[in-house]
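Given these sequences and hints, build the entire structure.
Protein chains: 4
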Amino acid sequence: MKIGLIGLGSMGVGIGHNLIVAGHTLTVYNRSKDKADGLLAEGAAWAATPRALAQGQDAVITMVADDHALQAVTLGEDGLLAGLAQNAVHISMSTVSQALVESLVAAHARHGSALISAPVFGRPDAAAAGKLFVVAAGQPEHIARVRPALEAVGQKLFEVGEQPQQAAVVKLIGNFLISCVIEGLGEGAALAEKAGVDPEKLMEVLTGTIFGAPVYQIYGKLITSGGYKNPGFALPLGAKDNRLVLQAAEAHHVPLPFASVVRDRFVRGMAQGLDGADWSAIASLAREDAGLKG
Amino acid sequence: MKIGLIGLGSMGVGIGHNLIVAGHTLTVYNRSKDKADGLLAEGAAWAATPRALAQGQDAVITMVADDHALQAVTLGEDGLLAGLAQNAVHISMSTVSQALVESLVAAHARHGSALISAPVFGRPDAAAAGKLFVVAAGQPEHIARVRPALEAVGQKLFEVGEQPQQAAVVKLIGNFLISCVIEGLGEGAALAEKAGVDPEKLMEVLTGTIFGAPVYQIYGKLITSGGYKNPGFALPLGAKDNRLVLQAAEAHHVPLPFASVVRDRFVRGMAQGLDGADWSAIASLAREDAGLKG
Amino acid sequence: MKIGLIGLGSMGVGIGHNLIVAGHTLTVYNRSKDKADGLLAEGAAWAATPRALAQGQDAVITMVADDHALQAVTLGEDGLLAGLAQNAVHISMSTVSQALVESLVAAHARHGSALISAPVFGRPDAAAAGKLFVVAAGQPEHIARVRPALEAVGQKLFEVGEQPQQAAVVKLIGNFLISCVIEGLGEGAALAEKAGVDPEKLMEVLTGTIFGAPVYQIYGKLITSGGYKNPGFALPLGAKDNRLVLQAAEAHHVPLPFASVVRDRFVRGMAQGLDGADWSAIASLAREDAGLKG
Amino acid sequence: MKIGLIGLGSMGVGIGHNLIVAGHTLTVYNRSKDKADGLLAEGAAWAATPRALAQGQDAVITMVADDHALQAVTLGEDGLLAGLAQNAVHISMSTVSQALVESLVAAHARHGSALISAPVFGRPDAAAAGKLFVVAAGQPEHIARVRPALEAVGQKLFEVGEQPQQAAVVKLIGNFLISCVIEGLGEGAALAEKAGVDPEKLMEVLTGTIFGAPVYQIYGKLITSGGYKNPGFALPLGAKDNRLVLQAAEAHHVPLPFASVVRDRFVRGMAQGLDGADWSAIASLAREDAGLKG
Numbered sequence: 134m135k136i137g138l139i140g141l142g143s144m145g146v147g148i149g150h151n152l153i154v155a156g157h158t159l160t161v162y163n164r165s166k167d168k169a170d171g172l173l174a175e176g177a178a179w180a181a182t183p184r185a186l187a188q189g190q191d192a193v194i195t196m197v198a199d200d201h202a203l204q205a206v207t208l209g210e211d212g213l214l215a216g217l218a219q220n221a222v223h224i225s226m227s228t229v230s231q232a233l234v235e236s237l238v239a240a241h242a243r244h245g246s247a248l249i250s251a252p253v254f255g256r257p258d259a260a261a262a263g264k265l266f267v268v269a270a271g272q273p274e275h276i277a278r279v280r281p282a283l284e285a286v287g288q289k290l291f292e293v294g295e296q297p298q299q300a301a302v303v304k305l306i307g308n309f310l311i312s313c314v315i316e317g318l319g320e321g322a323a324l325a326e327k328a329g330v331d332p333e334k335l336m337e338v339l340t341g342t343i344f345g346a347p348v349y350q351i352y353g354k355l356i357t358s359g360g361y362k363n364p365g366f367a368l369p370l371g372a373k374d375n376r377l378v379l380q381a382a383e384a385h386h387v388p389l390p391f392a393s394v395v396r397d398r399f400v401r402g403m404a405q406g407l408d409g410a411d412w413s414a415i416a417s418l419a420r421e422d423a424g425l426k427g
Numbered sequence: 134m135k136i137g138l139i140g141l142g143s144m145g146v147g148i149g150h151n152l153i154v155a156g157h158t159l160t161v162y163n164r165s166k167d168k169a170d171g172l173l174a175e176g177a178a179w180a181a182t183p184r185a186l187a188q189g190q191d192a193v194i195t196m197v198a199d200d201h202a203l204q205a206v207t208l209g210e211d212g213l214l215a216g217l218a219q220n221a222v223h224i225s226m227s228t229v230s231q232a233l234v235e236s237l238v239a240a241h242a243r244h245g246s247a248l249i250s251a252p253v254f255g256r257p258d259a260a261a262a263g264k265l266f267v268v269a270a271g272q273p274e275h276i277a278r279v280r281p282a283l284e285a286v287g288q289k290l291f292e293v294g295e296q297p298q299q300a301a302v303v304k305l306i307g308n309f310l311i312s313c314v315i316e317g318l319g320e321g322a323a324l325a326e327k328a329g330v331d332p333e334k335l336m337e338v339l340t341g342t343i344f345g346a347p348v349y350q351i352y353g354k355l356i357t358s359g360g361y362k363n364p365g366f367a368l369p370l371g372a373k374d375n376r377l378v379l380q381a382a383e384a385h386h387v388p389l390p391f392a393s394v395v396r397d398r399f400v401r402g403m404a405q406g407l408d409g410a411d412w413s414a415i416a417s418l419a420r421e422d423a424g425l426k427g
Numbered sequence: 134m135k136i137g138l139i140g141l142g143s144m145g146v147g148i149g150h151n152l153i154v155a156g157h158t159l160t161v162y163n164r165s166k167d168k169a170d171g172l173l174a175e176g177a178a179w180a181a182t183p184r185a186l187a188q189g190q191d192a193v194i195t196m197v198a199d200d201h202a203l204q205a206v207t208l209g210e211d212g213l214l215a216g217l218a219q220n221a222v223h224i225s226m227s228t229v230s231q232a233l234v235e236s237l238v239a240a241h242a243r244h245g246s247a248l249i250s251a252p253v254f255g256r257p258d259a260a261a262a263g264k265l266f267v268v269a270a271g272q273p274e275h276i277a278r279v280r281p282a283l284e285a286v287g288q289k290l291f292e293v294g295e296q297p298q299q300a301a302v303v304k305l306i307g308n309f310l311i312s313c314v315i316e317g318l319g320e321g322a323a324l325a326e327k328a329g330v331d332p333e334k335l336m337e338v339l340t341g342t343i344f345g346a347p348v349y350q351i352y353g354k355l356i357t358s359g360g361y362k363n364p365g366f367a368l369p370l371g372a373k374d375n376r377l378v379l380q381a382a383e384a385h386h387v388p389l390p391f392a393s394v395v396r397d398r399f400v401r402g403m404a405q406g407l408d409g410a411d412w413s414a415i416a417s418l419a420r421e422d423a424g425l426k427g
Numbered sequence: 134m135k136i137g138l139i140g141l142g143s144m145g146v147g148i149g150h151n152l153i154v155a156g157h158t159l160t161v162y163n164r165s166k167d168k169a170d171g172l173l174a175e176g177a178a179w180a181a182t183p184r185a186l187a188q189g190q191d192a193v194i195t196m197v198a199d200d201h202a203l204q205a206v207t208l209g210e211d212g213l214l215a216g217l218a219q220n221a222v223h224i225s226m227s228t229v230s231q232a233l234v235e236s237l238v239a240a241h242a243r244h245g246s247a248l249i250s251a252p253v254f255g256r257p258d259a260a261a262a263g264k265l266f267v268v269a270a271g272q273p274e275h276i277a278r279v280r281p282a283l284e285a286v287g288q289k290l291f292e293v294g295e296q297p298q299q300a301a302v303v304k305l306i307g308n309f310l311i312s313c314v315i316e317g318l319g320e321g322a323a324l325a326e327k328a329g330v331d332p333e334k335l336m337e338v339l340t341g342t343i344f345g346a347p348v349y350q351i352y353g354k355l356i357t358s359g360g361y362k363n364p365g366f367a368l369p370l371g372a373k374d375n376r377l378v379l380q381a382a383e384a385h386h387v388p389l390p391f392a393s394v395v396r397d398r399f400v401r402g403m404a405q406g407l408d409g410a411d412w413s414a415i416a417s418l419a420r421e422d423a424g425l426k427g
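So the sequence lines, in the order shown, correspond to chains A, B, C and D. Going by the working numbering, the first sequence opens with residue 134, and the numbers climb by one from there. Going by the working numbering, the second sequence opens with residue 134, and the numbers climb by one from there. Going by the working numbering, the third sequence opens with residue 134, and the numbers climb by one from there. Going by the working numbering, the fourth sequence opens with residue 134, and the numbers climb by one from there.
In short, the hints are calculated from the structure, not lab data. All figures in this text were calculated on a predicted structure; none of them were measured in a lab. Relax, there's no trap hidden among the hints.
Going by beta-carbon spacing under 10 angstroms, a handful of chain A positions derived as facing chain C: (1) A372; (2) L379; (3) H386; (4) V387; (5) P388; (6) L389; (7) P390; (8) S393; (9) R398; (10) F399; (11) G402.
Quick list of simulated restraints, FRET-style, between CB atoms: (12) A:G341 - B:L425: 33 to 39 angstroms; (13) B:L425 - C:D211: 40 to 46 angstroms; (14) A:G171 - B:A277: 53 to 59 angstroms; (15) C:G209 - D:N363: 52 to 58 angstroms.
Derived pair list, reagent style DSBU-like, types lysine-lysine, alpha-carbon separation capped at 35 angstroms: (16) B:K135 - B:K264; (17) A:K327 - D:K327; (18) A:K289 - B:K362; (19) A:K264 - B:K327; (20) D:K289 - C:K289; (21) D:K264 - C:K354; (22) A:K289 - B:K289; (23) C:K289 - C:K168; (24) D:K166 - D:K362; (25) A:K354 - A:K373; (26) C:K362 - C:K327.
Heads up, the beta-carbon is just placed ideally off N, CA and C, and yes, glycines get one too.
Okay, structure coming up:
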């Protein structure tokens, strides 16, 4: 397939690499061009604008930071929509608001093109290894058209509905549940430590029993090793996703008490200088609450 | 080994069965004798009191409801301690308070016998299948002495420290984290449902990706199927364990905001007639909050 | 003074009445004209648009529902700014976001006119009686110019700073603290009732001792009498103010755990059909949590 | 009347002083005698034990730290009950658990004497000035018998029911609501400060409008002045009352989400070295969360 890719952060670069490996013809765009160097060396072409990039593609993947960025690369004079062929499919992989997905669905409908929402679970190392989990929603014929692209970047593809916003909400719930794991482990590790139990031993028991899933393995290690100090997924992005899930839940009139607790953690993290750390740094606030230092 | 077993609830019966299967000589005691019928038919002997039961055993396992019950079967004229040989080991498998474990350690020390704490993770079906996870703490030589018994009931044995209360706190943290999974899934499922995503589809995505652990599989199913209406682990027991972890955390000066949210759920569940349901019934309160019925 | 008044809800009508009583020349505008009947009978003039209303006034007061409405009546071709004289003062009395106040300050500066923020504390009966408390912020010379108008509508005037957004944030904090009183009283009344203490007796003790302030008298009565069923200040408006204070706090990196709890109450109230009730109806959710009915 | 007084902390000393001023004959007891010096100088007699103190009194007032202390001075060989005449009345003024009040009611009934519960609102300066608010519950004839004593110590007497535990729960709810005021003001002051509003100005507006009650005046000042560093009512006592209200609410199946938030604050305060400060020191944690220092 001829595929355009917009957004070359640590996730986007991994995705692009796997598209090339799978034999697709890749054109890339990013706000700052230097992030493209690796993919250009692998054979990708460069486009000067989203609009230029979109021309002639079968599919355009966007993997950008937030609602604002997705709007900017999609709409307007130089946006991808202006260049997109009518039978082409825009694959939105960013974690964005339900409301924006709905408005882009409408914009594509007016243009004659199609949008599917296909956010992913996995951190940069999983993106690099082509081991993401892809959660897609959209019209089945649209998904079918771009299936080779979706399969190239992920180890598994889930289809959760015919409305693109359904994938968006599943992704928001998934990230919400990850944040709950982080907070729960943070509280539990603080208690273990003060009760004389080695937090690493606690994590070994948890992941060796009924909590034996990647989410506990990954975050348990980040928390006990201090690895949360290096941003794999930066705290402000976690705060953004928390805001998005609370907004979606408010729109649907669903209280989320756990998300409210986590919200207070993220706001406090921003106030206390953790904006350069991983989102799992909120676990350090549970330690601080317990009077633990360092 | 010659083993006594006190407490024949749904967990105790499964444990007893696997001890017999492994070739141990089993004597049992329970407040109401009828719960013993199955094990007696398998060859277990009956003792009229904990004291009588304890006489001549290498190890006595207690698997009772709460602090009060554990004190009652351990101490006093007819308690197991009064009958226990000095080189015998009391294996406490119940989820009880750190404080009680500490006081029983002292009582055993005065008596010349030993206590290890060995709470388990797993529900009744895992107990019946000998697939529990056993988390033990105590003096290594005491654990060594009863290892065959611990291995007979579980699929895996973790040793988390030389102080019995260390296993007690790990178990409390584990149950706290399960309650967090229940609450998080309850909130997430309510949002999914109101956003037009089938909660079963959500669970499929979660457990097929980074949440692929028994705790999500088991509780995801209980929540989406309505299975929480039948108590595998009754809500008042969940409320008790929540109280124990909050007490332990308070004693160590560790705030647990998630446990506080869950506490409010359990108290509300008791007020709203859910005391006959499984502890995962608190997920139904998130649905109720969202205006969902039935 | 020659004063324009935009927004004739139950608060606006009371404010207009007291301006006329104090001898000011009043012109009014409202989206639906029928709300103006009473004031027109008292001698007010009618203007067809905010722009027409603003022409020739010394001051224009806006008392509208939310950010959206305030933007709509202020900006644009028919907005008040288009008609306002350069030495005139726009007095914004609505509870709106800090962000909007900041942007309107800039718009007025470009126009050559002035904005002060002067939100009020008090419910419709206080507005009718001229007993509001007015919290003003803005340049002292701007406040001085319109002091007679501010004094006509309120029993007391507070000046809290030279930046209009300072009054906006004080008002948001005030409403946040009222919501805390409602939630606290709701929880306390539920406990009293289940412990066999008459909630009215509880309120009598509270307001007769150290809680002897209007906020406890007013909301204590609404809660114990069921008066919350009739909207004095409708629940969706309370939810809006809660959202505004959480937004302002997030922008300043201030966690507000109590506001988060109240947020969950408002969202649940919206889900459970309380959107036609007073915001104090969230107290009924504490009763429901406790298993109390009716 | 002939009155015994047990417990000479800062509250008890003020109460004793006003009993003497009102002309009552006072005998006092305290664990450490030096606290009695002032009252002895004013004419009080000293008793060596609670039992000795109780003999010959019309009423015995207890004003001690907690459940444990109240049990210790009431029951046992040297307890006041052993010395109390059958027509005498024990006035319990401490803030203690509902459960203890119930068990003391039964103990007095067996002894033939009477208990009324009469906890007070007010801090040490109010006790010294005889300006406490007294909340009494018990049989009307018992209250009638000791009314002169109750009136001597307080500015106002409320009777809230015929069961002593009713006053105990009203007092717990009152202290719970004070803790809510502290937490709410702490959050609000932190937001004001970061939004460029002087917290003292905020408090002036609040107490000058609908929040014009002593509880806002007193705690607003403690919070903005840093006065919370000196314990008027020490943080561990606040934590104890929070625990008592949560226990009472749990026994009655009433969730108290605000009390849960406050609980986490107190536990954190204990962990972070605030156990020597006033309970209003939890407001400093809201500042810390917001990244404010000093």
